[in-house]
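Colleague: Taken in order, these protein sequences are the chains called A and B.
Counting in the working numbering, the first sequence runs from 1 upward without gaps.
Counting in the working numbering, the second sequence runs from 272 upward without gaps.
Hints listed in this document are in silico derivations from the structure and should not be mistaken for laboratory results.
Don't take each hint at face value.
To be verified - Derived Cβ-Cβ restraints for the label pairs, each shown as a range: (1) Ser-248(A) with Ser-558(B): 51 to 59 Å; (2) Leu-129(A) with Ala-614(B): 53 to 61 Å; (3) Leu-562(B) with Asp-151(A): 28 to 36 Å; (4) Leu-267(A) with His-568(B): 48 to 56 Å; (5) Arg-570(B) with Pro-241(A): 51 to 59 Å; (6) Ala-207(A) with Ala-565(B): 46 to 54 Å.
We put the CB at the ideal spot given by N, CA and C, even for glycine.
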Amino acid sequence: MSAPKLELAAEDGARAPSPAEIANASLALSEITVSYGEKPAVFSVDAALPRESMVAIIGPNGAGKSTLLKAALGIVPRLSGSVRVFGQEIERARDRVAYVPQRASVDWDFPTRVIDVVLMGLYRELGLLRFVRKTHRERARACLERVGMADFAERQIGQLSGGQQQRVFLARALAQDADLYLLDEPFAGVDAATEKAIIDVLHTLKAARKTVVCVHHDLATVVDYFDHVLLINVRKIAEGPTATTFTSDNLQATYGGRLASTHIDQLKLSS
Amino acid sequence: MPDAILSALLFQAGYNAALVAIGSALLGIAAGAGGTFLFLRKRALISDAVAHATLPGIGLAFIAMVALGGDGRNLVGLLAGSAVSAAVGLLLVDWIVRHTRLAEDVAIGAVLSVFFGLGIVLLTVIQTMSSGRQAGLEGFLLGSTAGMLRQDALVIAVGGALALAVLVLLRRPMTLVAFDPGYAAARGVRVQAVDLAMMGLVLAVTVIGLKVVGLILIVAMLIIPPVTARLWSERTDTVVAVAGLLGGLAGYLGAAISASAPNLPTGPIIVLVSFSLFCFSLLMAPSRGVLAAAVRHRRFQRRVHRRQGLLALARNEPILDPLTLKVLRREGLIRPDKVATDAGRARAAKALRDERRWEVARRMHQDEGTSGRYDGLTSIETVLTPDEIAAIDAEIGAPRLADQGAS
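So here's chain A without its partners, still in its complex pose:
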């Protein structure tokens, strides 16, 4: 690594967060390393994401964005590092975290209806044996209402469009009534109306003092949608408020040669 890059990293806070920062963060990651085989997909990433904010995790394909999210949640094993949610061990704060996986990660021919998927969000409350009651169904329906899918409750999930699938996953997360929402590429391959519906819901979450963290791939919408960014490419490149961190220099460092400078010029950047 060249000397100027190191300096840049230090400037933008690529140091480990302090105990106070970890306690105040919504999601605090310390030295997270994940590896498939012997090649690290994520290497020693630290971050302390602020509460009540909209955070984008940004980086090129294969940069480990989704892997970082999965490692934070314990879906893939960590080689090293620890995770804290609102200052607590993740295992003790599971009920405060809602995860929205990539919609391509499941088989949509599974024999289940839209409302049943949303009811999965109430899994902890229902436990092993409690029956699904009217109140549960009404809550699930209300969550579908929020994503504009109330009329689709009884549909088999295989009949949904990609954008509708994404909305159902979001509704399932809403049903958890969590404080921290982690979304993996929620806008990938969805239509414009769905993108707007989703961002509206996310903004109401923020207004309700929740924290939203999205793995995000569309650089053109970062400034409009998010107030905090985490730039990674296997290692952390930079983290901070969008206004000061989403800069041309940081993007160059994150994407290397893969982002032409003309492309960067077309983006709405913070400086």
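Given the coordinates of chain A, assemble chain B onto it according to the supplied hints.
Modeller: Using the frame of chain A, we list chain B on its own:
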């Protein structure tokens, strides 16, 4: 023969036949319902490895019981031995997948053949032992119900009931893990533990089924009922219940048929009955069946012609296709002289607006998940959400109010 089957169905064909019928039905219920989760998790084939891995355990249990001076044919002892070796086989498949670069199908093939080979060697050795001549262990290969005792049926009943209890207890985590393991893990569900419990369930069903259908055919009882049930329902709970019912029905009918004549093997007959139920379902199931698909295709063809005719009417183009004319005339959309009726004009206007909306929709939704529904025929209101339609209309310009009332 029909009388013989009837009397067997009504438990009048003798004590042994009644025992076998009840045992087979219970086994069928447990296998069908338990196999559903394996099928939904897309790991159906692993049951074949589990089943074949029971054989060395049977042989070793026999040898051990004889060596300790007991009766080598004690069923509970043999089943316990088979359960242990099946569990070893199962964990071995799991280990191979996790710690080597071999895929699950390879691991299943390797474990299945090696354990089965070892089992056959042990059975051959037992044949040469003085106490092994009459052991009848080869009956576990294809099942043998001829000498079924009351306590054998009791083992099946208790084992099946326990398996069903575990299934009811774990149905939510198993469904969650089968549908979306990543989300399940994020909720704190221990995916690996749930998977192991599911496999344990399958193992239990396999072991108690050894006496009735044998280790080679038990796979059919685990897989055919869920696949059949899936044809009938779009809901997980219903698929599980229907698979249990179909499995129980196949077990009961199969046992009754085999009791109706000498030398009809129980296990294979049960499998054939189960397969017949599958064939019937494949043909007759309401939305996924072959006949339903044929009817749907015919209706679809008519819808295509109706839509083409309506668009032609809306654009004042002549209609030439005879089927199109027939469809429009029968529905009262055109008069015999090919002029549109009032209803026809209203429908034509609606069709034209729908067509414009679809045009925009196709452009806006380029993801593949939707392409199946974008046939340009289905009324767009039933496919898209109101805000999606609003976005489309914003692009077309305000929808003409005159069209709104038309259906």
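Colleague: Now, for every hint given, state plainly whether the structure supports it.
Modeller: Evaluated hints:
For the pair Ser-248(A) and Ser-558(B), the supplied restraint of 51 to 59 Å holds, since their beta-carbon distance comes to about 54 Å. For the pair Leu-129(A) and Ala-614(B), the beta carbons lie near 54 Å from each other, so the given range of 53 to 61 Å is met. Take Leu-562(B) and Asp-151(A): their Cβ atoms lie about 30 Å apart, and the range 28 to 36 Å holds. Under the hint 48 to 56 Å, the C-beta atoms of Leu-267(A) and His-568(B), about 49 Å apart, fit the expected range.
The supplied range of 51 to 59 Å is met by Arg-570(B) and Pro-241(A), whose beta-carbon atoms lie about 57 Å from each other. At about 53 Å, the CB distance of Ala-207(A) to Ala-565(B) agrees with the hint of 46 to 54 Å.
Hint compliance for this structure: no hint is broken.
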